[in-house]
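A.B. asks: Based on these hints, arrange chain B on the given structure of chain A.
There are 2 protein chains.
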Amino acid sequence: MKRAVCLLSGGLDSSTCLAIAKHEGYECFALSFDYGQRHRFELAAADRVANAYGVVHRTLSFDLRQFGGSALTSALEVPKHRSLAEMGDGIPVTYVPARNTIFLSFALAWAETLGAQDIFLGVNALDYSGYPDCRPEYVEAFTKLANLSTKAGVEGARMTIHTPLIALTKAGIVKLGASLGLDFGLTHSCYDPDAEGRPCGSCDSCLLRLKGFAEAGLTDPLEYR
Amino acid sequence: MKRAVCLLSGGLDSSTCLAIAKHEGYECFALSFDYGQRHRFELAAADRVANAYGVVHRTLSFDLRQFGGSALTSALEVPKHRSLAEMGDGIPVTYVPARNTIFLSFALAWAETLGAQDIFLGVNALDYSGYPDCRPEYVEAFTKLANLSTKAGVEGARMTIHTPLIALTKAGIVKLGASLGLDFGLTHSCYDPDAEGRPCGSCDSCLLRLKGFAEAGLTDPLEYR
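Residue numbers (our numbering), protein chains in the order written: chain A, 87 to 311; chain B, 87 to 311.
Note that these hints are calculated values from the structure, not bench results.
Because the structure is a prediction, the values reported are computed rather than measured.
Everything hinted at is true.
Among chain B residues calculated to face chain A with C-beta under 10 Å, some are:
(1) Leu146
(2) Gly155
(3) Tyr181
(4) Ala184
(5) Leu190
(6) Ser191
(7) Ala195
(8) Asp219
(9) Ala227
(10) Lys230
(11) Glu241
Simulated restraints, written as ranges between beta carbons of each label pair:
(12) B/Ser147 to A/Gly201: 26 to 32 Å
(13) B/Pro222 to A/Tyr310: 48 to 54 Å
(14) B/Val179 to A/Arg89: 17 to 23 Å
(15) A/Arg89 to B/Leu170: 34 to 40 Å
(16) A/Asp269 to B/Ala281: 50 to 56 Å
Glycine included, C-beta positions come from ideal geometry on N, C-alpha and C.
Just chain A, with the same shape it has in the complex (with noise of 0.2 Å):
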């Protein structure tokens, strides 16, 4: 059975995400990040959507607010909107310095301990959030880079970044998460919860999630505060 890291926010995405390598057959390693992230809420989430699917899971502690720099890691408000229309272009300030480059590092490091040449990685770039870090040509140079420099790659080893999600629209990636029976009730998309984890509705994410079911005819399951 071949081994695959999962990036593994807890989201619609890298849960759908999930969901697709685990139907592809990999032995899948879902791996989670607690870097000081506003919507912690996502790591309960990260946690039941791999228990669903009786994957290992690791989370990785570091402080990304030691830098700041994005409204996900310091004092910045998260925006909001009544409307996807509202949203500006742009980069958004929800971005987090090379977060991707970050998490891929580390997928990087656990594959290679694993003996794994596989890692999926749950973006898209429709329907997305204006990350650079969540485009074609930025996974095809992430993969150049961890030929080079790992020793598997060295020895001969190919790497592959999946991103099966790459070029689908939120309503394709919810109905192929509702495809493999995904419960999205398990997931967490929202940047700014309340107290209890219930997700605002006006963020970027939420706005998205939202437009994603709506478009597919599904019903959301999360109860929105």
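C.D. replies: Coordinates of chain B only, in the frame set by chain A:
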């Protein structure tokens, strides 16, 4: 004054690299990592060196022992030799999977929040320890990734990874550090120090350091056990 993030382990190479960045007139921000390394004594050295140069210094913590796979982060023994001639070919067991990729990712995150476009990394490809993530092609691939992954890169900033030691021998590094007034007594290179932090003199890192001093015609001020 241009800002630079300088990766600082507290060893000979990274300390010399910091001295170079200072000499070149950068406002330096030194970054160290407490990653569960066996030779945690190097962190005190990093503190000493950063203080000597009066630079801002942050240490980020995460635990690579969760992954293992290296003599520096697991119960595997650090190999000892009577001379460098005994050092094996290939990638040694002290290689830590994806370590420089992880370190550079964090440096990139900090650089972006500081508005810095320069990162200093003390790798060298001659007289090195056989690590794949110390080669020029690796550094080039990371630079490409950096410019694709960040908001600054998308907006046109160009990140430079400076590797001023990459083509030097250890003797050349020692001579350069000495010419810049670096106090080598502040630094620490050993992978397997005793409880007082005294270097073993027989791990790859100690042997390379001692060779460097010998060939430079200088005396290493450290007291070996």
